[in-house]
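Protein chains in written order, with our numbering: chain A, 1 to 116; chain B, 117 to 225.
Certain hints may be false.
DEER-style ranges, computed between Cβ atoms [as the list claims (entries may be wrong)]: (1) B:E131 x A:S67: 24 to 34 Å; (2) A:F12 x B:K173: 26 to 36 Å; (3) B:K173 x A:K71: 23 to 33 Å; (4) B:P124 x A:D38: 16 to 26 Å; (5) A:Q17 x B:D155: 21 to 31 Å; (6) A:V52 x B:N210: 17 to 27 Å; (7) B:N210 x A:D38: 20 to 30 Å; (8) B:A193 x A:Q17: 43 to 53 Å.
Simulated crosslink set (DSSO-like; lysine-lysine; CA at most 30 Å straight-line) [as the list claims (entries may be wrong)]: (9) B:K158 x A:K83; (10) A:K57 x B:K217; (11) A:K14 x B:K179; (12) B:K179 x B:K158; (13) B:K217 x A:K83.
Rather than coming from a laboratory, the hints here were simulated on the basis of the structure.
The structure displayed is predicted, hence computed values, not measured ones.
In this text, a Cβ means the ideal position worked out from N, Cα and C, and glycines have one as well.
Letter by letter, the chains look like this.
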Amino acid sequence: DGGITQSPKYLFRKEGQNVTLSCEQNLNHDAMYWYRQDPGQGLRLIYYSQIVNDFQKGDIAEGYSVSREKKESFPLTVTSAQKNPTAFYLCASSIDRRGRGHVGYTFGSGTRLTVV
Amino acid sequence: EDQVTQSPEALRLQEGESSSLNCSYTVSGLRGLFWYRQDPGKGPEFLFTLYSAGEEKEKERLKATLTKKESFLHITAPKPEDSATYLCAVFSGNTPLVFGKGTRLSVIA
Chain A
1 DGGITQSPKY LFRKEGQNVT LSCEQNLNHD AMYWYRQDPG QGLRLIYYSQ
51 IVNDFQKGDI AEGYSVSREK KESFPLTVTS AQKNPTAFYL CASSIDRRGR
101 GHVGYTFGSG TRLTVV
Chain B
117 EDQVTQSPEA LRLQEGESSS LNCSYTVSGL RGLFWYRQDP GKGPEFLFTL
167 YSAGEEKEKE RLKATLTKKE SFLHITAPKP EDSATYLCAV FSGNTPLVFG
217 KGTRLSVIA
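Just chain A, same shape as in the assembly:
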């Protein structure tokens, strides 16, 4: 079955550590996205990529980094510069219809990151 897989489901980070969240999709989608979700805040966009080897900052990119070396993969690194990283992280993908309308996202099941 096609889908989008995030791992791990739970992740614990010590102060000063970098951690990487995995996101893999086998839907042949062109675009991929990372959102952060905090209670009462809704979904906030961190980074997105519409094509391999290219990505753009979202609204809250500071303290995060991404790469898009393969169409199927869009890992997110939470760096030590992110001062409040405890949150639920969601990865999503979508078909890029080149401006002919959007058909919405397919989401992964999320990674809950906790600083210890």
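We have chain A; now place chain B onto it with these hints.
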């Protein structure tokens, strides 16, 4: 800048008590409005896409409608399993989807 406001923030219903969730939006040319359902600790699941004012979509006890300024998600005779957070998002053509903060629905048996 595209904006989405959902109301109420939280809604508590008795089983069978019908109600509506609101999604008001401000966009420079709406090209799609999306409703998602999210259960605790899980990723959002797609429910509906609406593209033009007057359009309606239905799925079981849910019905989504769209005007030029807002969308409603009507829930008819809800059951406890309808309890979830419902998210609304808009697309205006050049940027990723912009999401509202969601409405937390609780349906009590």
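task = Go through the numbered hints given earlier and state which of them the structure violates, listing their numbers in rising order.
result = The structure conflicts with hints 1, 2, 11, although it agrees with all the remaining ones.
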